[in-house]
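Engineer: Next come the chains, spelled out residue by residue.
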Amino acid sequence: GAGVSQSPSNKVTEKGKDVELRCDPISGHTALYWYRQRLGQGLEFLIYFQGNSAPDKSGLPSDRFSAERTGESVSTLTIQRTQQEDSAVYLCASSLSVLEKLFFGSGTQLSVL
Amino acid sequence: KQEVTQIPAALSVPEGENLVLNCSFTDSAIYNLQWFRQDPGKGLTSLLLIQSSQREQTSGRLNASLDKSSGRSTLYIAASQPGDSATYLCAVRPGGYNKLIFGAGTRLAVHP
Chain H
1 GAGVSQSPSN KVTEKGKDVE LRCDPISGHT ALYWYRQRLG QGLEFLIYFQ
51 GNSAPDKSGL PSDRFSAERT GESVSTLTIQ RTQQEDSAVY LCASSLSVLE
101 KLFFGSGTQL SVL
Chain C
1 KQEVTQIPAA LSVPEGENLV LNCSFTDSAI YNLQWFRQDP GKGLTSLLLI
51 QSSQREQTSG RLNASLDKSS GRSTLYIAAS QPGDSATYLC AVRPGGYNKL
101 IFGAGTRLAV HP
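Residue numbers (our numbering), protein chains in the order written: chain H, 1 to 113; chain C, 1 to 112.
These aren't lab readings, by the way, just hints derived from the structure by calculation.
A hint or two may mislead.
Said to hold, decoys possible - Chain H stretches covered by chain C per the calculated footprint, using a threshold of three residues with CB under 8 Å from any CB of chain C: (1) 36-47; (2) 94-107.
Unchecked claim - List time: in silico EDC-like cross-link candidates among lysine to aspartate or glutamate, alpha-carbon distance up to 20 Å: (3) Lys1/C with Asp63/H; (4) Lys101/H with Asp63/H; (5) Lys1/C with Glu44/H; (6) Lys101/H with Glu15/C; (7) Lys101/H with Glu56/C; (8) Lys42/C with Asp63/H; (9) Lys42/C with Asp56/H; (10) Lys57/H with Glu68/H; (11) Lys17/H with Asp63/H; (12) Lys57/H with Glu72/H; (13) Lys101/H with Glu72/H; (14) Lys1/C with Asp27/C; (15) Lys68/C with Glu44/H; (16) Lys11/H with Asp24/H; (17) Lys101/H with Glu44/H.
Stated by the list, open to error - Chain C is faced by these chain H residues, among others (derived, beta-carbon under 8 Å): (18) Asp56; (19) Leu60; (20) Phe65.
All C-beta atoms, glycine included, are put in the ideal place defined by N, C-alpha and C.
Can you make the complete structure from the sequences, with help from the hints?
Structural biologist: Below you can see the structure in the form of structure tokens.
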């Protein structure tokens, strides 16, 4: 596709519910990243994929967070039993390789009530 | 642990001024450094990527320099315009790691 696409753009959920966030990277990009940005704060690394494998999950804040990638394409970030502190913008990025420029999607604004 | 700091946190300038945004990082062992801009409610747009072996990169009115040994990079914006108003983020890719480490950003406002 023309760019990195994320859906939904906005998600409002109740505390305790599960949510799934989707990322469609640029076609042919082997590297995919998830970041989180809380209001007024910097970008926080969550997880990195190379192909369908996740060699670096070090940023996932708890076992309520998981992510997968299939077909070296679409990735899904799942948050179980959401908490209010999970409210943030979740950003996905992709690149041709780990040493190339990152291209970001517009993000999913998650609000947990 | 790699840390990235950006100074100033915010900057307001009149249109037409040349300006410099600063980025410093604590560990000089990096693969590359990337500058982004972020507009409100939107994702990040890549501006310039400097590999560790390079000293600078230019794109239009933007010039980014890298001094790896001193752990510093600067983003120079010439003849600033109101459309340049955004938050500018610096990010480094540490050696041996696949993720980018971001600074907190400089919020730039260019007024007519």
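Engineer: So, for every hint listed, does it hold in this structure?
Structural biologist: Results of checking the hints against the structure:
Interface restraint, the region 36-47 of chain H with chain C: holds (4 residues with C-beta to C-beta distance below 8 Å; minimum three). With a threshold of 8 Å between beta carbons, the proposed coverage of the region 94-107 of chain H by chain C holds, since 10 of its residues qualify and at least three are required. Taking the CA atoms of Lys1/C and Asp63/H, the gap is near 23 Å; set against the 20 Å cutoff, the hint is violated. In summary, the hint linking Lys101/H to Asp63/H is not supported, as the alpha carbons are separated by about 30 Å, beyond the 20 Å threshold.
Among the hinted pairs, Lys1/C with Glu44/H is consistent with the structure: their alpha-carbon atoms are about 14 Å apart, no more than 20 Å. At most 20 Å may separate the alpha-carbon atoms for a hinted pair to count; Lys101/H and Glu15/C exceed this at roughly 29 Å. For the hint linking Lys101/H to Glu56/C, the alpha-carbon distance of about 15 Å falls within 20 Å, and the restraint holds. For a cut-off of 20 Å, the pair hint linking Lys42/C to Asp63/H is broken: about 28 Å separates their Cα positions.
At roughly 26 Å between alpha-carbon atoms, Lys42/C and Asp56/H are farther apart than 20 Å, so this suggested pair is violated. Restraint check: the Cα-Cα separation between Lys57/H and Glu68/H comes to about 11 Å, which is no more than 20 Å; the hinted pair holds. Only pairs whose Cα atoms come within 20 Å are accepted, and Lys17/H paired with Asp63/H is accepted, the gap being roughly 15 Å. Restraint check for Lys57/H and Glu72/H: satisfied, since their Cα atoms lie roughly 17 Å apart, inside the 20 Å limit.
Of the pairs offered as hints, the one joining Lys101/H and Glu72/H holds, with about 18 Å between alpha carbons and a cut-off of 20 Å not exceeded. Between the alpha carbons of Lys1/C and Asp27/C the distance comes to roughly 8 Å, so the proposed pair stays at or under 20 Å and holds. Between Lys68/C and Glu44/H the alpha-carbon distance is near 23 Å, which puts this suggested pair outside the 20 Å criterion. Straight-line distance between C-alpha atoms of Lys11/H and Asp24/H comes to about 17 Å, which keeps the hinted pair within the 20 Å bound.
Taken as a hint, the Lys101/H and Glu44/H pair is honoured in the structure, with Cα atoms around 18 Å apart against an allowance of 20 Å. Annotation: Asp56/H was flagged as interfacial toward chain C, and the flag holds, the nearest CB pair being 6 Å apart, inside 8 Å. Below 8 Å, beta-carbon pairs count as interface contacts, and Leu60/H has none with chain C, the closest being about 12 Å; its hint is therefore violated. Hint on Phe65/H is violated. Least Cβ distance to chain C is approximately 16 Å, over the 8 Å limit.
In summary, the structure is inconsistent with hints 3, 4, 6, 8, 9, 15, 19 and 20 from the numbered list given earlier, while agreeing with the others.
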